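Number of protein chains: 4
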Amino acid sequence: MKPLRGRFRKEVEKKVVEYTASIDFDKRLYKHDIAGSIAHARMLAKQAIISNKEAELIVMALTSIRDEMEQGIFAFSDDLEDVHMNIESRLIEKVGEVGQKLHTARSRNDQIALDMRLYVKEAIYNTIEKLIELQKALLDLAEANKDEIMPGYTHLQRAQPVLFAHHLLAYFEMLRRDVERFHDCRKHADVMPLGSGALAGVPYPIDREFLARELGFSQISENSIDAVSDRDFVIEYQAAASIAMMHLSRLAEELILWSSAEFGFIELDDAYTTGSSLMPQKKNPDVAELARGKTGRVYGNLLAILTTMKALPLSYNRDLQEDKESLFDSVDTLLSTLDVFAGMVRTAKMKGDKTRRATEEGYILATDLADYLVKKGVPFREAHSIVGGLVQHAIENEKSFKELGIDEYKSFSQYFDNDVYSITVDSSVKARNAVGGTAPEQVKRQLARARTIVESV
Amino acid sequence: MKPLRGRFRKEVEKKVVEYTASIDFDKRLYKHDIAGSIAHARMLAKQAIISNKEAELIVMALTSIRDEMEQGIFAFSDDLEDVHMNIESRLIEKVGEVGQKLHTARSRNDQIALDMRLYVKEAIYNTIEKLIELQKALLDLAEANKDEIMPGYTHLQRAQPVLFAHHLLAYFEMLRRDVERFHDCRKHADVMPLGSGALAGVPYPIDREFLARELGFSQISENSIDAVSDRDFVIEYQAAASIAMMHLSRLAEELILWSSAEFGFIELDDAYTTGSSLMPQKKNPDVAELARGKTGRVYGNLLAILTTMKALPLSYNRDLQEDKESLFDSVDTLLSTLDVFAGMVRTAKMKGDKTRRATEEGYILATDLADYLVKKGVPFREAHSIVGGLVQHAIENEKSFKELGIDEYKSFSQYFDNDVYSITVDSSVKARNAVGGTAPEQVKRQLARARTIVESV
Amino acid sequence: MKPLRGRFRKEVEKKVVEYTASIDFDKRLYKHDIAGSIAHARMLAKQAIISNKEAELIVMALTSIRDEMEQGIFAFSDDLEDVHMNIESRLIEKVGEVGQKLHTARSRNDQIALDMRLYVKEAIYNTIEKLIELQKALLDLAEANKDEIMPGYTHLQRAQPVLFAHHLLAYFEMLRRDVERFHDCRKHADVMPLGSGALAGVPYPIDREFLARELGFSQISENSIDAVSDRDFVIEYQAAASIAMMHLSRLAEELILWSSAEFGFIELDDAYTTGSSLMPQKKNPDVAELARGKTGRVYGNLLAILTTMKALPLSYNRDLQEDKESLFDSVDTLLSTLDVFAGMVRTAKMKGDKTRRATEEGYILATDLADYLVKKGVPFREAHSIVGGLVQHAIENEKSFKELGIDEYKSFSQYFDNDVYSITVDSSVKARNAVGGTAPEQVKRQLARARTIVESV
Amino acid sequence: MKPLRGRFRKEVEKKVVEYTASIDFDKRLYKHDIAGSIAHARMLAKQAIISNKEAELIVMALTSIRDEMEQGIFAFSDDLEDVHMNIESRLIEKVGEVGQKLHTARSRNDQIALDMRLYVKEAIYNTIEKLIELQKALLDLAEANKDEIMPGYTHLQRAQPVLFAHHLLAYFEMLRRDVERFHDCRKHADVMPLGSGALAGVPYPIDREFLARELGFSQISENSIDAVSDRDFVIEYQAAASIAMMHLSRLAEELILWSSAEFGFIELDDAYTTGSSLMPQKKNPDVAELARGKTGRVYGNLLAILTTMKALPLSYNRDLQEDKESLFDSVDTLLSTLDVFAGMVRTAKMKGDKTRRATEEGYILATDLADYLVKKGVPFREAHSIVGGLVQHAIENEKSFKELGIDEYKSFSQYFDNDVYSITVDSSVKARNAVGGTAPEQVKRQLARARTIVESV
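Residue numbers (the numbering used here), protein chains in the order written: chain A, 1 to 457; chain B, 1 to 457; chain C, 1 to 457; chain D, 1 to 457.
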């Protein structure tokens, strides 16, 4: 009989082994699992539950098992279900009876809770690092084009002129919130669950604070049943990852739009675009498209774990095994997307002539005309209505604002005067000079602030 | 420069290659891709776009490439992006210039649409087969226990006695609808897209009906732009799989409940249960729990593809590459879950003594008492109210219905008489004898009907 | 004590009444509920379970209750929980004891299953009608612009010229599949559940086939436990609605893009656009944006019901009450979106000059050049590579294909000759003349086929 | 022409008005909208953009409009689209031209961002209050039953005995994390967006810090484009609400299980249960079931807003209007569920005799036997295997551990001695005395800690 089958009369059916084995994906946790086991062995020795010599032997063997895994020479076995049993079994192979003592005062339930928490803490660290890398790339691109003007859009209609740098800084802000969110989500991951046993705690004089210190946790769990049932920290990562991917999907959408012939606001570097198997002229923004598409998988992963957790009675249920693959997938997706975006943004060429020209067509200064009237004493809502009529008149006469004569202006409002012609794209941008506005002075301040933020990490 | 980079000055960045390459997962489509290419080559020859000899050479080489893949000796390369380019590249290696002609009148856009449709059709076939296998297992278990009685539940409260077989047949019905749903979803997969080119069709005298016949499709696509943009058939599979997993999660939930010490209605076979690393007495219904948990991943996959497709402009966008992994995962999950459930159900032992005893406790026959009064002329709503009071009285006096004296009955309604004692669990079941009801006569008919359905496939 | 509280000692807590009452939303089902009750009363009389006179009285009273509801003078009460109890209570008010007999051989469990099925069947009918209305609008717009050419896109990059009508017909195809899908989903809704009782069937000599005929169902349910537990037909509607909204979100995205200053391919009618509270010049495609946004709510509704159904033990559980609001919301959202889209599409002005001009810029004919070489004997993959180089050369020299000299062509391939200049946007379109291709001949055929489809309904 | 239609030639189509109007649901924001407008008017006056007298008039009128709304006498109009235009229009009705000045230096884009942030901050406050109320109810129930023992479960199999209070405290911990999460999510809501205008900022000398102080915000937004595009704070609320509902669905599941005849661990108060329309004996845990079912709608709402936000280009798009209904629904659902759960938990009767009896059946002390052997020197893995055999032996001989003779024990391991009989449910619980374990000493400490937490708020 295989391990853990003491009470059974039959081995597990082959297809059940395949269905339930997690070793194919949880082997990824080997470093965390071994770190946990080493700390556990040391704690057992410190508390005289095993001898120092036994602990030493176990630690040594675990270290060599980790080496085997790192070198790719460890023979994982499906029959041994998961990373824990694979390691324990090899440990016993190596050190015999002593190895059978490692699982004293421990269950796979608190062990996997520990491994997952170590993994999530590491993932958060890496995610924040990559987020900042992309923030820097955005900042570099913004600074390199800090005087360029582009149309700001609402409803994908040109709305008001803005600085290109101002637009990019909007993404900087999104990523800043992402960084904060991942910081917040560390809090609930940073709780040491070992010592919870299967669910009820363990009947040994263990030292959980020692374990926490050894493993770098700032807190220990306060309720053993909760500790083995809880996957909030996984969901929090998934939720934060979903929001981050949502932000990236918006950036992706804009890069795709801007790369189109119709917009032509940006040129992605050849190294970040791909060709077509059929159409020789194509230069496609595949990276941005794929990132936009991958938003779906991260949302899906969030829903998956939420669904899995719904209505589970306490404490540990095998359903919880499903927390892993979707998490690994979200972490991998987010990290690689951030990584490739940093390169794509950093190498992109902004085409300032195209964006400025786009601000000079159409009636993008209409709000400025309304504000002009307000400053002359017209109530805003009336000014809005006057300029609405003026726009209609201009369209029908196929004239730009500049091409309208002063008489035409005056026929809509007596308050219009020759100074109306001094309203330009540049004056428009410059005028929006409250904090957060697009005026060069404000944007300069924001660029400096942003630089400080990324440098201070 | 690598293939398709004719117009570029730079190779693609290494991390972009990794980010965009699909070969790791789309190699799974090799059989479908090669089948499509063989049909395409034959069609090109038939239409004299290439020579018969060229076609023969191509077909021969493709066949040998398929062999290499089946033997696991094909060297897939990330640099060649996807399964199509890997195969084409090897083809050219094998047959030189002739191989360069295969992609005539074709694009990867219609090629991958073809591969996916072939794959989905095959997945549907396999899914239906496994659904029927599980239906048979349910039917076997139902027939083997066709006289056993159990409490039927609403709100997880014992409601009315039912035949165990009747309860199992409810799952048979769910699976029957699943089978029908997968049949329906074949319709939109069974459309041959080749000949759509990149999006606009192709400028060659191709024969699309020939391709459809060769590849076993009953229809050809009618609009080339739609054909390369459409993934409805993938979503339909995902939706049908989600509903099927929902059904299985309900069955899983019941198997878990029934395996608990509290219910004790069923004993799962040792070969379908697992032990605990800590608690030696445990015999856990892991398979059922894991299936219940995996419902999350299939729902997640459905949401993923829906999200990915949202608001994509026509026609092909690289986002569509994200249709694959989630589909493969749902197919694998559903097939393996059905497979392992068939074994688990077939080997389960129903404990008829426990289920019958459960029907004999409590007031499960209260509705029968109300119906008794109705037959004596009391309006139903009044009868309901009378029996409600009777139940309250019985609880307070800690008596079962049987233990209540006829005087106690009469104090609630003069219509009660000694024949009230002839109401039993068996009479209750027997009385529900309209089509679909739990009476043995009806259930027997249903078992026969179900057997006919699964045999007729 | 209120109805159904016979066995309780206390009334329900006020906030529990509010929490559990469904009358605020399920009153919407009053027509279906009353239709079901009328049929039920007639069946009871036909089977002599109640007298003909009683049935007549009940039917009359129910009819007058329906009138009260239609006139908005019915006083719904939260205390009576749901539409069923509100109606039954009013019935008893009207006809006394006879009214207490209506619920004989029935439970709210099969009653609500009936109501929902009647509702879904009606919703499917309405949905298909609106889908066809939008198909007609697309067809009208396509026919009105059947000669216009626009760039076809892949990766939002101009790829190959296509007919505008061909592009619109891609949406026609999507909607055609939607219609088929809603037809398919009628099948599982069209099953009459009455007679299932609470879960076990009923102990009366009912005639379920009679009920089915009276209520217009083609089938009766075969298993009473399944009949009260099953909401597959709701999920199927939600899934089909999600796919339909996905299609509409793609159309919305394109209408938004095309309405932008950058594309300028279309002008939406003033009646289908809105202004800005601040910017007087704005004309926003709000309808399309809102529809795109509403895709989220329909996806959310699908996931909601799937989540709710996950792992529910049989048979009826109160969780099922949550099937309604999300369904009503999806039906309302889809119907109103289809309706407003039909008007928006029908009134849109296509700007053929802008779309044609867009095909004349850039290297959209590159594939045609490659095909040109193929026809002269160059293997396709080599031709692709040659034209890739040519495109690069042209970009660097800021020349269009037309502006390249024959010597420049020849320097890339000897196969180029003067006839290369006869490749035009029109010749390109015309050449794609296989079924499904963008050639005028094919598109004409498709328009005729589409017209036949919508007329034949 | 209606407001904002200055540039249009036609009114909006009736069905477009209905489709796009948000007044039916955003009127709920009237208090927040008016508070924002009052602060805005004061700021305009303070900065001399309007006169003090004008501001006074506006504030007075807005106050009286709020009164009209509170009294339900305000006539909302669909034609005026949203809450902003309804209020502005009434304002102009009341104070004429002065009212037309209110929208100076403001856009609906920053106005709605403000309203939503005020709303979310208020929702967070209320949510935390209700979470704490439920924590208190759990704590009261735990304290009232602090000595009761029940089986702890893994895989819904009895695993080890635990204190009932310990089990309830697991939920306390979940809710504690929920409280923390809602605190965290306040951070990104607590940012004042006014002054961002439509997207680019405003060309007036506004004082945004003054606005923040007036409206109780701790920060102002730093980028105007982000400020009108950002709904992270909505998604964060939705994500936190989803996790909280997941926790409640687990509690609901357990209350349903415990209320079943099979478990019988708890009796819900009559005031928190409902009856059946058909079965007079039924007492159903409807509240718990409905809460479990409503988990679906909250998950759906989260996915809805994530889907809506996916791939939206900057800045404001009408899609964002879809942020509201789903948020309101999640807030209402979560608050009412917490509220009704607090009452249900507080009034529930725990049945300590039933739970204790359940720990005395079966082999729940198997782990303790293994630990017994470990303390005698047997390595844990071997001890586990020995006890596994012992369990199998006991099952086959239909004996409990107590009924096994010392010779039977010894035949499995020589280390067993007479003191094995002193292992009891109570000794088992008492032994798990590390922090977080189920020993009475630990649980007492946890109860005190929990009480401190809820009192300290």
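Hints are computed from structural coordinates only; laboratory data are not their basis. No experiment lies behind these values; they were computed from the predicted model shown. Heads up, the beta-carbon is just placed ideally off N, CA and C, and yes, glycines get one too. There may be inaccurate statements among the hints.
[As the list claims (entries may be wrong)] Incomplete in silico selection of chain A near chain B, CB under 7 angstroms: (1) F8; (2) N301; (3) G352; (4) K354.
#### Entry: Hint validity - F8(A) Cβ closer than 7 angstroms to any chain B Cβ
5 angstroms, holds
### Message
Hint G352(A) vs chain B: min CB-CB distance below 7 angstroms?
### Response
Violated, because the Cβ-Cβ distance from G352(A) to chain B comes to roughly 22 angstroms (cut-off 7 angstroms).
### K354(A) as an interface hint toward chain B, with CB separation required under 7 angstroms
21 angstroms, violated
### Interface hint for N301(A), Cβ within 7 angstroms of any Cβ on chain B
6 angstroms, holds
Checked against the numbered hints above, the structure breaks hints 3 and 4 and satisfies the rest.
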